[in-house]
Amino acid sequence: MNKKLVGQVTPEERTEIQTLFERRNGLNELAKILTADNAELYEKLVKDMGETGAKFQSWWDRMAEKYQWESAENGNWEINFDTCEIYLVTE
Amino acid sequence: MNLFKESPETWQSNVAKDITFIVTKDCQLACKYCYLVGKNEKERMLWEVAKKAIDYILSHENDMREESVVWDFIGGEPFLEIDLIDRICDYLKTEMFRRNHHWFNSYRFSFSTNGINYDSEKVQRFIQKNKEHLSIGITIDGTEVKHDLNRIYKGTGKGSYGSVVRNIPLWLKQFPNGGTKVTISSADIPYIKESVLHLYGLGIHEVNINCVFENVWKAGDDILFQEQLMLLADEIIDKGYYKDYACSFFSENIGKPLDPVFENNNWCGAGRMLAVDAHGIFYPCTRFAQYSLREKNAWVIGNINDGINKNKLRPFLALDRISQSPRECIECEVASGCAWCQGENYDAAADSIGDLEHGLDIKNKQLYQLDHAPICRHCDAWQCKRCIWLNRKMTLEVNTPSHEQCVLAHLERNASRELLQNIRKYGTFLPEQEEIKEIDYLDPFDKRDEWQ
Numbered sequence: 001m002n003k004k005l006v007g008q009v010t011p012e013e014r015t016e017i018q019t020l021f022e023r024r025n026g027l028n029e030l031a032k033i034l035t036a037d038n039a040e041l042y043e044k045l046v047k048d049m050g051e052t053g054a055k056f057q058s059w060w061d062r063m064a065e066k067y068q069w070e071s072a073e074n075g076n077w078e079i080n081f082d083t084c085e086i087y088l089v090t091e
Numbered sequence: 001m002n003l004f005k006e007s008p009e010t011w012q013s014n015v016a017k018d019i020t021f022i023v024t025k026d027c028q029l030a031c032k033y034c035y036l037v038g039k040n041e042k043e044r045m046l047w048e049v050a051k052k053a054i055d056y057i058l059s060h061e062n063d064m065r066e067e068s069v070v071w072d073f074i075g076g077e078p079f080l081e082i083d084l085i086d087r088i089c090d091y092l093k094t095e096m097f098r099r100n101h102h103w104f105n106s107y108r109f110s111f112s113t114n115g116i117n118y119d120s121e122k123v124q125r126f127i128q129k130n131k132e133h134l135s136i137g138i139t140i141d142g143t144e145v146k147h148d149l150n151r152i153y154k155g156t157g158k159g160s161y162g163s164v165v166r167n168i169p170l171w172l173k174q175f176p177n178g179g180t181k182v183t184i185s186s187a188d189i190p191y192i193k194e195s196v197l198h199l200y201g202l203g204i205h206e207v208n209i210n211c212v213f214e215n216v217w218k219a220g221d222d223i224l225f226q227e228q229l230m231l232l233a234d235e236i237i238d239k240g241y242y243k244d245y246a247c248s249f250f251s252e253n254i255g256k257p258l259d260p261v262f263e264n265n266n267w268c269g270a271g272r273m274l275a276v277d278a279h280g281i282f283y284p285c286t287r288f289a290q291y292s293l294r295e296k297n298a299w300v301i302g303n304i305n306d307g308i309n310k311n312k313l314r315p316f317l318a319l320d321r322i323s324q325s326p327r328e329c330i331e332c333e334v335a336s337g338c339a340w341c342q343g344e345n346y347d348a349a350a351d352s353i354g355d356l357e358h359g360l361d362i363k364n365k366q367l368y369q370l371d372h373a374p375i376c377r378h379c380d381a382w383q384c385k386r387c388i389w390l391n392r393k394m395t396l397e398v399n400t401p402s403h404e405q406c407v408l409a410h411l412e413r414n415a416s417r418e419l420l421q422n423i424r425k426y427g428t429f430l431p432e433q434e435e436i437k438e439i440d441y442l443d444p445f446d447k448r449d450e451w452q
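As you go down the protein sequences, you meet chains Z and E in turn. Under the numbering used here, the first residue of the first sequence carries the number 1, and numbering increases by one thereafter. Under the numbering used here, the first residue of the second sequence carries the number 1, and numbering increases by one thereafter.
One or more of the hints may lead you astray.
What the hints assert, rightly or not - The calculated DSBU-like cross-link candidates involving lysine-lysine, where the alpha carbons are at most 35 Å apart (straight line), are:
1. Z/K44 / E/K447
2. E/K129 / E/K181
3. Z/K4 / E/K243
4. Z/K47 / E/K296
5. Z/K32 / E/K129
6. Z/K47 / E/K51
7. E/K296 / Z/K44
8. Z/K55 / E/K129
9. Z/K32 / E/K17
10. E/K158 / E/K310
11. E/K296 / E/K447
12. E/K129 / Z/K47
13. E/K243 / Z/K32
14. E/K447 / Z/K32
15. E/K310 / E/K39
16. Z/K44 / E/K122
17. E/K296 / Z/K32
18. Z/K55 / E/K173
19. E/K39 / Z/K3
20. E/K17 / Z/K47
Keep in mind the hints are simulated off the structure, nothing from the lab.
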């Protein structure tokens with residue numbers, strides 16, 4: 001695995017994706033224990049997972065458009081929450 | 001860029017509320033330096049108590065506005081109660097989500113364990129289920145000799161090193177950045193250097209060391225301690241450990257003077273934290289629960305049925321470094337990095353102020369004075385009576401007034417202001433007396449962010 005520094009976002013932009021990242025993790029771990037028996041909460045979870053996933057992807061699309069980071073086939077970007085740096089990770 | 005590795009910042013430090021469930025007071029070990037003097041096998045938290053505590057905490061979102069939360073589980077040994085912990089965590093996740101609580105976006109479950117049953121099926125299943133939100137530290141004290149000097153099994157007195165070290169590889173595989181907490185008391189000092197290096201050798205990159213707060217030290221310990229630090233520092237430099245391994249003894253932040261105005265924060269987090277025990281009693285920190293205290297009664301701030309008495313939190317939330325420190329600490333040349341435990345201070349402080357035979361002997365007299373009063377020294381309601389007895393009754397602390405006392409004093413102050421203004425409409429009155437300024441609060445405690 002190779003990691004190459006390709007850019008940096010602002011602290012505000014970092015906070016936005018970090019909150020979405022935390023929420024997505026929380027929803028995923030909640031999904032392990034919530035069943036369809038609890039219909040109301042299950043529906044709320046499914047809807048939230050969809051919305052959060054969409055916001056998550058939208059952030060990467062917006063930032064990639066704004067900063068024009070280097071990309072690669074079979075590669076993906078990663079963010080370091082401490083430094084706001086963006087890395088291109090390739091196999 | 002740092003040339004050497006520093007211990008990483010604690011997750012969301014300064015913006016996270018730390019809430020501790022004392023799930024059991026039992027432990028497999030009877031560590032010689034353990035501050036928990038009241039450990040026992042009987043006081044285990046019941047689910048009904050835990051649920052009620054969670055319901056209370058989550059329904060008081062406006063009183064706990066911290067951005068993040070660390071749900072901390074402590075014992076004794078917390079993993080002895082893994083079934084209960086699993087149920088608590090499932091309920092927390094579900095309830096934070098159901099209530100749209102802001103902590104759902106930023107929480108962790110935190111454990112400090114002796115590591116003995118870390119590889120058990122139940123603990124491992126729990127880790128897999130919650131792995132994105134876990135912070136787990138295993139306590140291993142250093143070499144086998146140093147570890148087994150203190151960390152011994154209850155009953156048999158056998159050392160626990162072998163039971164713990166076998167789980168270190170699994171733990172580091174699951175938490176590669178895991179740090180351990182080493183405790184030093186008098187008898188351990190000769191083993192500091194070899195123990196830190198031993199932990200590095202096990203693959204632990206972050207070693208946090210605490211000297212016990214209790215008075216266990218002997219004459220000459222300071223010299224031995226310094227020697228060990230020098231030897232350890234030499235080895236860390238010579239072998240290049242400083243690049244990838246951290247030891248809290250060598251943090252860059254340690255050993256400098258602190259500015260009395262701009263670096264006046266309280267080091268201890270008691271009061272900003274919250275702890276609940278098996279009886280559903282709330283404490284400002286676990287160190288104020290009865291099983292932590294040798295000499296004093298528990299410092300109770302509420303319970304799961306009646307809630308938290310905010311007056312009893314005031315002494316903790318208003319406290320800063322200056323108001324609790326003697327002059328020599330305020331002016332200390334190496335104050336930064338100096339830790340203190342308010343629970344131990346409370347426990348160790350003498351209640352007596354002297355006797356008829358020997359006369360008055362008041363320890364730390366300055367703590368009774370206005371310039372050490374956490375709230376009153378910032379207050380401008382000069383007529384306030386500052387009744388020590390009433391303070392003690394309402395807030396449990398002699399130098400911190402209750403909310404009611406502050407509001408009363410400020411209503412009086414505002415009435416004086418209005419009276420003075422009205423009289424002055426008709427001519428000169430007390431010309432040497434300055435006008436009483438208008439203020440937008442009745443309790444200076446609400447403005448503590450401005451002076452902390």
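Do the hints match the structure? See the list:
1. Restraint check: the Cα-Cα separation between Z/K44 and E/K447 comes to about 39 Å, which exceeds 35 Å; the hinted pair is violated.
2. Between E/K129 and E/K181 the CA atoms are separated by roughly 25 Å; this keeps the pair inside 35 Å, and the hint holds.
3. Proposed proximity of Z/K4 and E/K243 is supported: the alpha carbons are some 21 Å apart, at most 35 Å.
4. Between Z/K47 and E/K296 the CA atoms are separated by roughly 52 Å; this puts the pair beyond 35 Å, and the hint is violated.
5. With a CA separation close to 7 Å, the supplied pair Z/K32 and E/K129 stays within the 35 Å bound.
6. With a C-alpha separation of about 27 Å, the suggested pairing of Z/K47 with E/K51 holds against the 35 Å cut-off.
7. Of the pairs offered as hints, the one joining E/K296 and Z/K44 is violated, with about 49 Å between alpha carbons and a cut-off of 35 Å exceeded.
8. Straight-line distance between C-alpha atoms of Z/K55 and E/K129 comes to about 25 Å, which keeps the hinted pair within the 35 Å bound.
9. Annotation: proposed proximity of Z/K32 to E/K17 holds, straight-line Cα distance about 26 Å (limit 35 Å).
10. For the hint linking E/K158 to E/K310, the alpha-carbon distance of about 45 Å lies beyond 35 Å, and the restraint is violated.
11. Simply put, E/K296 and E/K447 have alpha-carbon atoms about 32 Å apart, close enough for the 35 Å limit, and the pair holds.
12. A distance of roughly 22 Å separates the Cα atoms of E/K129 and Z/K47; the hinted pair therefore holds under the 35 Å criterion.
13. Between the alpha carbons of E/K243 and Z/K32 the distance comes to roughly 40 Å, so the proposed pair goes past 35 Å and is violated.
14. Taken as a hint, the E/K447 and Z/K32 pair is broken in the structure, with Cα atoms around 44 Å apart against an allowance of 35 Å.
15. This hinted pair checks out: E/K310 and E/K39 have alpha carbons roughly 29 Å apart, not beyond 35 Å.
16. Restraint check: the Cα-Cα separation between Z/K44 and E/K122 comes to about 29 Å, which is no more than 35 Å; the hinted pair holds.
17. Restraint check for E/K296 and Z/K32: not satisfied, since their Cα atoms lie roughly 45 Å apart, outside the 35 Å limit.
18. The suggested pairing of Z/K55 with E/K173 holds, with an alpha-carbon distance near 32 Å, which does not exceed 35 Å.
19. For the hint pairing E/K39 with Z/K3, the CA-to-CA distance comes to about 49 Å; that exceeds 35 Å, so the pair is violated.
20. Restraint check for E/K17 and Z/K47: satisfied, since their Cα atoms lie roughly 29 Å apart, inside the 35 Å limit.
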